[in-house]
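Work the whole structure out from these sequences, hints included.
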Amino acid sequence: MSLRERILLGRLRDRDEAAFRELVAEHRDRVFNLTYRMLGNKAEAEDVAQEVFIAVFKTLDQFREESKLSTWIYRVAVNHCKNRIKYLARRHQRSHDELDETQLDPGDGAAMTGPPSAPRRPDRQVEGQQLEEIMRAAIAELEEDHRVLVVLRDVEELSIEEICEITGLPDGTVKSRLHRARLALRKKIQRHL
Amino acid sequence: MAPISQDEPHEEFELQFSDLHDGIASEAQRKDVLAHLDTCAACKAAYDEFERTMSALSTMKTPKQPAPAEFGKQVEETIAARSAGRFFGRKTLGDRVPFGALLIIALLVLIAIFAFMWASPTGSLNRRDGAHAPDLAPGARDVVKPH
Chain A
1 MSLRERILLG RLRDRDEAAF RELVAEHRDR VFNLTYRMLG NKAEAEDVAQ EVFIAVFKTL
61 DQFREESKLS TWIYRVAVNH CKNRIKYLAR RHQRSHDELD ETQLDPGDGA AMTGPPSAPR
121 RPDRQVEGQQ LEEIMRAAIA ELEEDHRVLV VLRDVEELSI EEICEITGLP DGTVKSRLHR
181 ARLALRKKIQ RHL
Chain B
1001 MAPISQDEPH EEFELQFSDL HDGIASEAQR KDVLAHLDTC AACKAAYDEF ERTMSALSTM
1061 KTPKQPAPAE FGKQVEETIA ARSAGRFFGR KTLGDRVPFG ALLIIALLVL IAIFAFMWAS
1121 PTGSLNRRDG AHAPDLAPGA RDVVKPH
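These protein sequences, in sequence, are chains A and B. Going by our numbering, the first sequence opens with residue 1, and the numbers climb by one from there. Going by our numbering, the second sequence opens with residue 1001, and the numbers climb by one from there.
Hints were generated in silico from the structure; no laboratory data involved. It is possible that part of the hints are untrue.
Chain A stretches covered by chain B per the calculated footprint, using a threshold of three residues with CB under 8 Å from any CB of chain B [said to hold, decoys possible]:
id	region
1	14-25
2	38-50
3	53-63
4	131-141
5	144-157
6	178-188
Calculated pairs, EDC-like style, for lysine to aspartate or glutamate (alpha carbon to alpha carbon, straight line, at most 20 Å) [said to hold, decoys possible]:
id	chain 1	residue 1	chain 2	residue 2
7	A	Lys-188	B	Asp-1048
8	B	Lys-1064	A	Glu-44
9	B	Lys-1073	A	Asp-47
10	B	Lys-1064	A	Glu-157
11	B	Lys-1064	A	Glu-46
12	B	Lys-1064	A	Glu-133
13	A	Lys-86	A	Glu-132
14	B	Lys-1064	A	Glu-26
15	B	Lys-1044	B	Glu-1012
16	A	Lys-42	B	Asp-1007
17	A	Lys-187	B	Glu-1012
18	B	Lys-1073	A	Asp-29
19	A	Lys-187	B	Asp-1142
20	A	Lys-187	B	Glu-1008
21	B	Lys-1061	A	Glu-141
22	A	Lys-188	B	Glu-1076
23	B	Lys-1061	A	Glu-132
24	B	Lys-1073	A	Glu-46
25	A	Lys-188	B	Glu-1008
26	B	Lys-1061	A	Glu-26
27	A	Lys-187	B	Asp-1019
28	B	Lys-1064	A	Glu-66
29	A	Lys-58	B	Glu-1077
30	A	Lys-188	B	Glu-1070
31	B	Lys-1061	A	Glu-17
32	B	Lys-1061	A	Glu-46
33	B	Lys-1061	A	Glu-133
34	B	Lys-1073	A	Glu-133
35	A	Lys-187	B	Asp-1048
36	B	Lys-1073	A	Glu-51
37	B	Lys-1073	A	Glu-26
38	B	Lys-1064	A	Asp-29
39	A	Lys-187	B	Asp-1007
40	A	Lys-58	B	Glu-1076
Where is the CB? At the ideal position from N, CA and C, for every residue including glycine.
So this is what it looks like as structure tokens:
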């Protein structure tokens, strides 16, 4: 951890409001980008990103300074995203169950609460915005553990070492799981490429 | 080494695609995989598709999605709302004003004034025993009573 980070951390532990503003200003874009890529929905991403900073500030005393402050913030963000993914999946499932019980068309509820699904257009030549949209939807369909690794490595461009620190997984597990995640992604976007 | 079927890539080579893409494959590993791709159509097709996926994924890298402009303010508002204003340390007047430093500065100024007055030949603090009192102006003699 750099001297600057140590000083900032000291001020944060003293509950210095200006230090908190500095922390948010420095990390907000990266945290938001991560939550957005993980959740695939801007409103959810914003909500989770806010919770991340609140959690960071509330649990500062638990930070053991064994890693960079930014790495720790990422870890908090990833954990919050995982929890939100689980919550959304449960809500999605519940809404499906309720719709099944009332024998309504399941399409309505799913569209409101479920993760975004891949566009159904059969275009094979896709570029720019459209391709990004397809990738966003494909990532949102990945399993939670796969999604984390693809986002951290291939979107956020973190090193394998940093990913190990954030996820707490050993090097070999990160590499093999990342490879499986990429293959799963390949399968999902196969028809669009 | 023959493929399992004409359309299926070899798993042992497919497993190395990520290392190859990330540039972390050893030189021997890299040569081995590339040599195999030259001779195995199924693996070559799988690798090309893998690379297309990685290329498509790179569209997510930039531009990054920035946080909304009001994000920082919203976080602070949420904190304030949840903690009823007690989240950040409420600073007393003593925390905000550096009384200690001000006291030291005041003491230094007082010492400087005292030293100046002491060094001054006309200063009342520097009256020496037996020193000749300055002559009074003629008009002043009527006012000041002699001892």
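To test your reading of the hints: which numbers does this structure violate? 13, 16, 19, 22, 28, 30, 31 and 34
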